[in-house]
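All residue numbers in the sequence shown are consecutive under the UniProt record's numbering, ending with 176.
Derived by calculation from the structure, the hints in this document are not laboratory data. Take the hints with a grain of salt, since some may be wrong.
Listed below are the simulated DSS-like cross-link pairs for lysine-lysine, each with C-alpha atoms no more than 30 Å apart in a straight line [said to hold, decoys possible]:
hint, residue 1, residue 2
1, LYS169, LYS117
2, LYS117, LYS148
3, LYS169, LYS148
Have a look at the derived ranges for each label pair, beta carbon to beta carbon [as the list claims (entries may be wrong)]:
hint, residue 1, residue 2, range
4, ALA137, THR72, 17 to 27 Å
5, PRO139, TYR171, 36 to 46 Å
6, PRO139, SER91, 17 to 27 Å
7, ASP10, ALA168, 43 to 53 Å
8, ASP138, ARG29, 22 to 32 Å
Even glycine gets a Cβ: it sits at the ideal position worked out from N, Cα and C.
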Amino acid sequence: MLILPVDLRDPLTEDDVEALSSLERDGLRFEIDNGRLILTAPRSLWHSNICVRIANLRPHAYGRQGLRITRTTVRCPDVLAFYSRPNPDASCHDPADVALVAEVVSPDTAVEDRLVKARLYAGAGIPEYWIVDRHPADPRDAVVECFKIGAAGVYEGAGQAVLSELEAKGYRPVGL
């Protein structure tokens, strides 16, 4: 049985993130969207490995950190890359401190990652967004679709790359 330590009759806010963090220790991933709790399945080993590899491209990049879009919308992208070292005690971070967000596509999150989160992160002013999917020819690798925020405030395609090639070249996201 799962007992949530918050009163779900009221909209959830960033203040509830700490109370909900025990869900992740139990293997569940969560986000808050307009005050509603979103639970997602645990990540596959491939997904986790790709997240670590992306985070290792740059100092100040971390997995599953809270990103405060509004008081009642806190997303936890697969990887956040900060301009500089973030507060180590913070569980939610301001989008102005973030240079890059990466989402690794799972079967249950593909539409959310490509449409909903792209609009959300662009609206928050995050300069670069990566959507990462399985490489069609190499099950251990991934294809990274890079998007950069354009003049209209929406993401525009900036190219694709294979993750192992980015690692070999020592790629650094924009602004870092």
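Each hint, compared with the structure:
1. LYS169 - LYS117: OK: LYS169 and LYS117 at ~28 Å, within 30 Å.
2. LYS117 - LYS148: Holds - the C-alpha atoms of LYS148 and LYS117 are around 14 Å apart, at most 30 Å.
3. LYS169 - LYS148: 20 Å, holds
4. ALA137 - THR72: 17 to 27 Å: Since ALA137 and THR72 have Cβ atoms about 42 Å apart, the given range 17 to 27 Å is violated.
5. PRO139 - TYR171: 36 to 46 Å: Because 22 Å falls outside the window, the suggested range is violated.
6. PRO139 - SER91: 17 to 27 Å: Distance hint for PRO139, SER91 is violated at roughly 34 Å.
7. ASP10 - ALA168: 43 to 53 Å: 49 Å, holds
8. ASP138 - ARG29: 22 to 32 Å: Roughly 26 Å apart at Cβ, these two residues keep to the hinted range, so it holds.
The structure does not agree with the numbered hints 4, 5, 6 stated previously, though it agrees with the rest.
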